[in-house]
Amino acid sequence: MRAILLIARKDFKLIVTSPLFCFVAALCTVVWSLMYLSFLRQFAAQGLMANMQGGGAAAQSLMNSVFVQHISVVNLVLIFTLPAITMRLIAEEKKMRSYDLLLTSPISSTDIAVGKFLAGLGAATALLLISFIYPAGTSLIAKFHWPTLIILYFGIFLITALYAAAGLFASSLTDSAMLAVFMAVVFNLMIWFVGQSGAGSDVKWWATLSEYISVGNHLSNFLKGTLRVSSIVFFTSAVGFFVFLCQRVIESARWR
Amino acid sequence: MIEISNLTKNYGDRKAIDSLNFTVKKGEVVGFLGPNGAGKTTTMKIITGFMAPTSGQVKVAGFDVFENPYEVKRRIGYLPETPPLYGDMVVTDFLEFVAKLKGVEDSRVNQLVARAVEKTQLGDVRHRLIQNLSKGYRQRVGLAQAIVSDPEILILDEPTVGLDPRQVAEIRTLLQELRGSHTIILSTHILPEVQATCERVIIINRGRIVAEDTLSGLSNRLRGGSYVQLRVRRNSSELAQALKAVGGVTSVEINGNNLKVHGTGTEELIEAVSELAVAKRAGLVELSHPEAGLEDIFIELTTQH
Ligand SMILES: Nc1ncnc2c1ncn2[C@@H]1O[C@H](COP(=O)(O)OP(=O)(O)OP(=O)(O)O)[C@@H](O)[C@H]1O
Ligand SMILES: [Mg+2]
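As given, the protein sequences belong to chains A and B, one line each in that order. Numbering of the first sequence is given in numbering that gives the first Met the number 0, commencing with residue 0 and proceeding in unit increments. Numbering of the second sequence is given in numbering that gives the first Met the number 0, commencing with residue 0 and proceeding in unit increments.
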């Protein structure tokens, strides 16, 4: 446990103080600000009409038209930017040979994998918090149902955790940061497509399974403000799966 | 302290080391010598638990490296060929991280970091980013991370590479200080370094041990003995003739006023040679006994077959 936290803290600090992280955070802020403003403007235009129908409906559509679109943009941006943040977790250690230090220290490969995952998750959460400023700030000028927003954010947090775990695994496969980014983006896209592929399939079990592993499906539940146990179970096990794969890769390096 | 039996490592179908056997006793300083590609680094990586051997066994302090990796790793400080450093960390933060990683209790960390900084003379750069340090300083940080947890065993892969002569001398002093209380294996190409610091030498070539002995033992093995070198001002050929008659002298090489006397029995040889040089009034200006001539041993042992 001590080793996990030690590694997590070290890597988190190295990531968030790196110029790359600042660049990514700035990029995200620019994209999200522009998009969020345009969603708000669209909403305001529709709002003129909605005014005639009373306040409740307006609050509902703030959630639907602005927050839901915002979350989709956040998700899309994270698919492509998180890999740039998780890439260095292991690939860089391998390249700089500091990996030798980890492997000859009295800690297990599980400590390394979990510690590094937590560092990646921490950095990803920092980005999510930035994106949270927008809807939170909107509460100054409009009323909405906070619990729904919280569920929405819990959902995107789970998805982000999955991207971080996939990025960590990609990073463990290579000592080239570029390759790690590329693989992580591919993994993230696969995470989306693998669930979509079974939709409407004739094979019954495949259709059911793919519905369960479809991230899009889980996300749309979150967007409706519903939180299912099956979602939590799914994301936790998917994250665990990637962290486990990463641990296997670290372990296998000793046997080559 | 360290027992190695039948250690073999294949990379694919290339044999990097081939059934190595040796032991290192507690408190010994052992030099690990061999030409490029001999398998020094490979052996060290296996001892430290970085990777598994193809076959064979390594025991450190009675623990098998692969059955009890934590017990072994806790006891070893390792400086790999490339020092394992985080460029964007400050020197002291890095050493603190390593100490904790090695399982040092929080209460001792600061004290041990200060000690490592002092011993490797990093005081001036302790608050600088590692990536901005020069190569020699980075090597010192690498050495500092090996000793920071105060391990019983130090495994140093070419510890003085890239250091300036003064620092090399300081590292030697450091190793002298550590000997006795620590068991040390160091690999190197620099022969005088072995002569200055090691009690015992293991020479390996192409993955096999070709010699394993104390320094003086090794020198005696070579050409059945050692040699004495002397420089005189005159009468060199006359002296050479006289020397050949001395008991124990096997041959005399003469090169102007420089003479090289091969023979057995180091101290007797020196005594006899110096006495004769004085008796012949040759004007002895220099008499040296190049301990071991390790370079010769090294070249001879690693170029045969
Ligand atoms: N990862 C690897 N994959 C394949 N072969 C390797 C690997 N590492 C080392 N070797 C081979 O194993 C042999 C021993 O290498 P090793 O690095 O142990 O030598 P060394 O004695 O440390 O040499 P040097 O003095 O150059 O550091 C060499 O023939 C080398 O080519
Ligand atoms: Mg080497």
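Don't read these hints as lab results, they were simulated from the structure. Worth double-checking, as some hints may not be accurate.
Pairwise CB distance ranges (calculated) [claimed, not checked]:
(1) B/G179 - A/F79: 43 to 51 Å
(2) B/S4 - A/E250: 38 to 46 Å
(3) A/V202 - B/T81: 50 to 58 Å
(4) B/N9 - A/F79: 50 to 58 Å
Some residues of chain A that are not near chain B, with every Cβ distance over 12 Å (derived) [what the hints assert, rightly or not]:
(5) I78
(6) L100
(7) G121
(8) F181
(9) V238
Once the Cα atoms are required to be at most 25 Å apart in a straight line, the calculated DMTMM-like pairs of lysine to aspartate or glutamate come out as [unchecked claim]:
(10) B/K243 - B/E266
(11) B/K134 - B/D63
(12) A/K94 - B/E151
(13) B/K134 - B/D163
(14) B/K14 - A/E250
(15) B/K24 - B/E198
(16) A/K12 - B/D87
(17) B/K279 - B/E237
(18) B/K58 - B/E211
(19) B/K24 - B/D92
(20) B/K58 - A/E250
(21) A/K94 - A/D174
(22) B/K58 - B/D163
(23) B/K134 - A/E250
(24) B/K279 - B/E252
(25) A/K93 - B/D92
(26) A/K12 - B/E176
(27) B/K24 - B/D63
(28) A/K93 - B/E95
(29) A/K12 - B/D105
(30) B/K134 - B/E117
(31) A/K94 - B/E237
(32) A/K12 - B/E104
(33) A/K12 - B/E266
(34) A/K93 - B/E267
(35) A/K94 - B/E80
(36) B/K25 - B/E2
(37) A/K93 - B/D87
(38) B/K25 - B/E266
(39) B/K58 - B/E117
(40) B/K134 - B/D149
Heads up, the beta-carbon is just placed ideally off N, CA and C, and yes, glycines get one too.
Okay, the hints, checked on the actual structure:
Restraint check, B/G179 to A/F79: a C-beta distance of roughly 58 Å breaks the suggested window 43 to 51 Å. Between B/S4 and A/E250, the C-beta spacing of about 25 Å breaks the proposed range 38 to 46 Å. The supplied range of 50 to 58 Å is met by A/V202 and B/T81, whose beta-carbon atoms lie about 52 Å from each other. Taken as a hint, the range 50 to 58 Å is violated for the pair B/N9 and A/F79, whose Cβ atoms sit roughly 42 Å apart.
Listed as outside the interface, A/I78 is consistent with that label: its C-beta sits roughly 27 Å from the nearest C-beta of chain B, beyond the 12 Å cut-off. With a least CB separation of 4 Å from chain B, A/L100 falls inside the 12 Å interface cut-off, contrary to its annotation. With a cut of 12 Å on Cβ distances, A/G121 stays outside the contact zone with chain B, its closest approach being about 17 Å. Every CB of chain B is more than 12 Å from the CB of A/F181 (nearest about 23 Å), matching its label as outside the interface.
Every C-beta of chain B lies more than 12 Å from that of A/V238, the closest at about 25 Å, which supports listing it as non-interface. Distance check on the hinted pair: B/K243 and B/E266 sit about 17 Å apart at the alpha-carbon level, within 25 Å; holds. Between B/K134 and B/D63 the alpha-carbon distance is near 35 Å, which puts this suggested pair outside the 25 Å criterion. Taking the CA atoms of A/K94 and B/E151, the gap is near 29 Å; set against the 25 Å cutoff, the hint is violated.
Simply put, B/K134 and B/D163 have alpha-carbon atoms about 10 Å apart, close enough for the 25 Å limit, and the pair holds. Pair hint B/K14 plus A/E250 holds up; C-alpha atoms about 23 Å apart against a cutoff of 25 Å. Annotation: proposed proximity of B/K24 to B/E198 holds, straight-line Cα distance about 11 Å (limit 25 Å). This hinted pair checks out: A/K12 and B/D87 have alpha carbons roughly 10 Å apart, not beyond 25 Å.
Our distance criterion of 25 Å between C-alpha atoms is met by B/K279 and B/E237, whose separation comes to about 8 Å. At roughly 19 Å between alpha-carbon atoms, B/K58 and B/E211 fall within 25 Å of each other, so this suggested pair holds. Restraint check for B/K24 and B/D92: not satisfied, since their Cα atoms lie roughly 34 Å apart, outside the 25 Å limit. In summary, the hint linking B/K58 to A/E250 is supported, as the alpha carbons are separated by about 21 Å, within the 25 Å threshold.
Taken as a hint, the A/K94 and A/D174 pair is honoured in the structure, with Cα atoms around 5 Å apart against an allowance of 25 Å. In summary, the hint linking B/K58 to B/D163 is not supported, as the alpha carbons are separated by about 35 Å, beyond the 25 Å threshold. For the given pair, B/K134 sits about 31 Å from A/E250 by alpha-carbon distance, which is inconsistent with the 25 Å threshold. Between B/K279 and B/E252, the direct Cα distance comes to roughly 18 Å. Compliance with the 25 Å bound is thereby established for this hinted pair.
Of the pairs offered as hints, the one joining A/K93 and B/D92 holds, with about 20 Å between alpha carbons and a cut-off of 25 Å not exceeded. Distance restraint check for A/K12 and B/E176: the Cα-Cα separation of roughly 36 Å exceeds the 25 Å cut-off, and the hinted pair is therefore not satisfied. Distance hint between B/K24 and B/D63 is fulfilled; the C-alpha atoms sit about 16 Å from each other, no more than 25 Å. About 21 Å separates the Cα atoms of A/K93 and B/E95, which keeps this hinted pair within 25 Å; it holds.
For the suggested pair A/K12 and B/D105, the alpha carbons sit about 19 Å apart, so the restraint of at most 25 Å is met. For the suggested pair B/K134 and B/E117, the alpha carbons sit about 19 Å apart, so the restraint of at most 25 Å is met. The hinted pair formed by A/K94 and B/E237 fails the criterion: a straight-line CA distance of about 65 Å is larger than 25 Å. Note on A/K12 and B/E104: the hinted pairing holds, with a Cα-Cα distance of about 22 Å set against a maximum of 25 Å.
With a CA separation close to 62 Å, the supplied pair A/K12 and B/E266 exceeds the 25 Å bound. Among the hinted pairs, A/K93 with B/E267 is inconsistent with the structure: their alpha-carbon atoms are about 56 Å apart, more than 25 Å. Distance check on the hinted pair: A/K94 and B/E80 sit about 14 Å apart at the alpha-carbon level, within 25 Å; holds. Proposed proximity of B/K25 and B/E2 is supported: the alpha carbons are some 11 Å apart, at most 25 Å.
A hinted pair counts as satisfied when its Cα atoms are at most 25 Å apart, and A/K93 with B/D87 qualifies at roughly 15 Å. Our distance criterion of 25 Å between C-alpha atoms is broken by B/K25 and B/E266, whose separation comes to about 30 Å. Between B/K58 and B/E117, the direct Cα distance comes to roughly 32 Å. Violation of the 25 Å bound is thereby established for this hinted pair. The straight-line distance between the Cα atoms of B/K134 and B/D149 is roughly 24 Å, inside the 25 Å bound, and the hint therefore holds.
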